[in-house]
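Work out the full structure: start from the sequences and follow the hints.
Protein chains: 2
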Amino acid sequence: MTAPIRYAEDYTPGQVFDVGSHAFTAEEIIAFSREWDPHPFHIDEAAAKQTMFGGLIASGWHTALVMMRMLHQGGFLSLETSIGSPGHEELKWLRPVRPGELLRGKVVVNHVKVSKSRPELGFVNCTATLTNPAGEVVYLLTSAALIKTRAAG
Amino acid sequence: MTAPIRYAEDYTPGQVFDVGSHAFTAEEIIAFSREWDPHPFHIDEAAAKQTMFGGLIASGWHTALVMMRMLHQGGFLSLETSIGSPGHEELKWLRPVRPGELLRGKVVVNHVKVSKSRPELGFVNCTATLTNPAGEVVYLLTSAALIKTRAAG
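For the record, the sequence lines run as chains A and B.
As numbered in the numbering used here, residues 1 to 153 make up the first sequence, in order.
As numbered in the numbering used here, residues 1001 to 1153 make up the second sequence, in order.
Check the hints yourself; a few may be wrong.
[Unchecked claim] In silico DSS-like cross-links for lysine-lysine, where the CA-CA straight-line distance does not exceed 30 Å: (1) A:LYS92 to B:LYS1092; (2) B:LYS1106 to A:LYS92; (3) B:LYS1113 to A:LYS49; (4) B:LYS1049 to B:LYS1092; (5) B:LYS1092 to A:LYS106; (6) B:LYS1113 to A:LYS92; (7) A:LYS116 to B:LYS1049; (8) B:LYS1116 to A:LYS49; (9) B:LYS1049 to A:LYS113; (10) B:LYS1106 to B:LYS1092; (11) B:LYS1092 to B:LYS1113; (12) A:LYS116 to B:LYS1092; (13) A:LYS106 to A:LYS92; (14) A:LYS113 to A:LYS92; (15) B:LYS1092 to A:LYS113; (16) A:LYS92 to B:LYS1116; (17) A:LYS92 to A:LYS49.
No wet-lab data here; the hints were simulated from the structure.
Encoded structure:
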């Protein structure tokens, strides 16, 4: 990893990270959804055409995982300092995601807080989005990432 | 599938569904997290011992997927009527999930609404939880499931 180690103090409100892109193939949508989320519109192209979606779309959970992977690989999180999240303020699947669409990932830092009781711990509140080629946000996640501060050593 | 087809009208506030159980193995935690969420405490037993978690824990996204699969396999959702979700009101990872812990899945229906503009569509608001052997809720998800009504035919 050539990415710098980022401590909570290194994130500032308004900061924007471009964290990469991903286009789903039909095959990966189907394979993932068969295992975890076998709605007909996620696993069967012919059946999907008969639904309100008019064709195969990715499971929202699959989309969420692609975003998570981008947070790691796109340099937003450092493995040395990131300690997960207690959950999310917002998790929205705003548009269907179709095979072949190139999704671009972005993260905006909303605010940063250091824990009063545990000064080695910071809360980096951020909004992560995936945007399709039409410029529409398809996925939006707002959450507090737990990040070590420099006090953690 | 022997599960009955459930339309939006078939869900009633207060209804409770037991949707099964799952215990993660260390191997599945590691394999999943290597692909999607490679925090050291998800992929490396030795490194995990040095973290605040004191050992290997499942990725919260992995836990979320196990819950999603239970909603399908545990008879809460019908493949014939379920059409996904626009997102979640609450998604909370309340406790670490460790290998070998048997997690029990439950869903409670909060309220049910039929769309005024689209009477073939219902919103089934529900809270899904996973509980560990100590009786602690480790994961909580509140969301509106989109479910066809009988008017959809």
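Hints versus structure:
1. Restraint check: the Cα-Cα separation between LYS92 (chain A) and LYS1092 (chain B) comes to about 15 Å, which is no more than 30 Å; the hinted pair holds.
2. Taken as a hint, the LYS1106 (chain B) and LYS92 (chain A) pair is honoured in the structure, with Cα atoms around 23 Å apart against an allowance of 30 Å.
3. Of the supplied pair hints, the one linking LYS1113 (chain B) and LYS49 (chain A) holds, its CA atoms being roughly 27 Å apart against a limit of 30 Å.
4. Under the criterion of a C-alpha separation no larger than 30 Å, the hint pairing LYS1049 (chain B) with LYS1092 (chain B) is consistent with the structure, at around 24 Å.
5. For the hint linking LYS1092 (chain B) to LYS106 (chain A), the alpha-carbon distance of about 23 Å falls within 30 Å, and the restraint holds.
6. This hinted pair checks out: LYS1113 (chain B) and LYS92 (chain A) have alpha carbons roughly 20 Å apart, not beyond 30 Å.
7. Annotation: proposed proximity of LYS116 (chain A) to LYS1049 (chain B) holds, straight-line Cα distance about 25 Å (limit 30 Å).
8. Between LYS1116 (chain B) and LYS49 (chain A) the CA atoms are separated by roughly 25 Å; this keeps the pair inside 30 Å, and the hint holds.
9. As the CA atoms of LYS1049 (chain B) and LYS113 (chain A) are separated by approximately 27 Å, the hinted pair is consistent with the 30 Å bound.
10. Taken as a hint, the LYS1106 (chain B) and LYS1092 (chain B) pair is honoured in the structure, with Cα atoms around 15 Å apart against an allowance of 30 Å.
11. Restraint check for LYS1092 (chain B) and LYS1113 (chain B): satisfied, since their Cα atoms lie roughly 24 Å apart, inside the 30 Å limit.
12. With a CA separation close to 22 Å, the supplied pair LYS116 (chain A) and LYS1092 (chain B) stays within the 30 Å bound.
13. At most 30 Å may separate the alpha-carbon atoms for a hinted pair to count; LYS106 (chain A) and LYS92 (chain A) meet this at roughly 15 Å.
14. This hinted pair checks out: LYS113 (chain A) and LYS92 (chain A) have alpha carbons roughly 24 Å apart, not beyond 30 Å.
15. Restraint check: the Cα-Cα separation between LYS1092 (chain B) and LYS113 (chain A) comes to about 20 Å, which is no more than 30 Å; the hinted pair holds.
16. Among the hinted pairs, LYS92 (chain A) with LYS1116 (chain B) is consistent with the structure: their alpha-carbon atoms are about 22 Å apart, no more than 30 Å.
17. For a cut-off of 30 Å, the pair hint linking LYS92 (chain A) to LYS49 (chain A) stands: about 24 Å separates their Cα positions.
This entry satisfies every hint, going by the numbered hints stated previously.
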